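*Asks:* Spelled out, the chains give:
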Amino acid sequence: MKTIIIPNKPHYTDITLHTRIRSDIPNSQSHAFDCYEKRLFLSLERKFNKAVFREPPNPIYNCHGLTFASRRTSITDNRALQTILNDDGYQKVSLADVLPGDIILYYSEDGDVEHSGVVISKPDSQLKIPLVLSKWGRFKEVVHHANYCPYDFSNVSYYRVTKWD
Amino acid sequence: MGLIDQLDINEINSVYLFANTPKYLYRHLRHIQSVQELSRHATLQNLVDEYNEITSPTAKSSEDIAIAYALLIAVTFWEYQQALAALNKFNLSRLEWGNDMKDIFIKNTPINTIVRIHAKPNIPRNEFRASGSSTSTVSYEYTRNNPKGGKA
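These protein sequence lines map, in sequence, to chains A and B.
My numbering numbers the first residue of the first sequence as 1 and each following residue consecutively.
My numbering numbers the first residue of the second sequence as 166 and each following residue consecutively.
To be clear, the hints were calculated from the coordinates, so they are not data collected in a lab.
One should not assume that every hint holds.
Stated by the list, open to error - Not everything, but these chain B residues come out facing chain A in the computed CB check (under 10 Å):
id : residue
1  : N178
2  : V180
3  : N185
4  : H193
5  : R195
6  : D229
Please read all numbers here as calculations on a predicted model, not as lab measurements.
Cβ coordinates follow ideal geometry from the N, Cα and C atoms, glycine included.
Using the sequences and the hints, build the whole thing.
*Replies:* Here you go:
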């Protein structure tokens, strides 16, 4: 993503992506990093040294692509995310009921989804914070506590697919 | 000192690298103080020229791309019509999210607009007769003010 586009030489592609009831989901795939970006990524890893960074970095998908599109592409449109939540039968889950496999959405002040991930452990008994697998921008997948990341944890919601017809 | 030297490149890069969506990039670049200051110290033409130079079709690093986005965002602090006119001079298609930035600006920017609605009161005719008053035009004004005055 976010590469400069040179005419006749596209740096990104897209795929056909549908919700369960066949609503189109716009998406894009990026295909390259540059050296400078890789250096920055390494400095990031040092900064968040309590997180587990999964190899290798992959520019094809972003966090929403990991959460909702099986790592095949990037989803960047907030309306598309809402379509997925509606069409695929997601419903909110209270923190007390969160289980591994649920998803977490990080909302901005004005209600946009800035980040997403998949819950991989129940919230711990004291701080009530689950472990999450998410993707940080174009960088790597990261296993981290839900509040230990560069995204705002103050407004998160958990979801699970509960409806099927 | 050049325009770009005033920017906090590390902060801009962090936002750029973590951005999952154009809205994230737009919102968080606008929070960076050096981007806000750039918009105050540079003219719109400076910003357009710098952007077009940095996005000229030669090999670019991700740092250049992040700076190009910061220049775009610096424009968004200007008064709406001026900023929009400047954004139309940018070759936005050179950045993957260039046109998204413009769309978000258009959708999110408070507009200094006064909407005047002249409406006759919707009161049954016999009530006017009873009161003996005549109809008159009522004016409602709706104003969306730009909280920062000249620049949005």
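*Asks:* So, for every hint listed, does it hold in this structure?
*Replies:* How the hints compare with the structure:
Hint on N178 of chain B holds. Least Cβ distance to chain A is approximately 6 Å, under the 10 Å limit. Residue-level restraint check for V180 of chain B holds (minimum Cβ-Cβ distance to chain A is 9 Å; threshold 10 Å). Among the interface hints, the one on N185 of chain B holds; its C-beta lies about 5 Å from the nearest C-beta in chain A, closer than the 10 Å criterion. Contact between H193 of chain B and chain A, as hinted, is supported at the beta carbon level, the nearest pair being about 9 Å apart and thus within 10 Å.
Violation of the interface hint for R195 of chain B is found here, the shortest Cβ-Cβ separation to chain A being roughly 12 Å, above the 10 Å cut-off. A cut of 10 Å between beta carbons decides the hint on D229 of chain B: the least distance to chain A is about 8 Å, and the hint holds.
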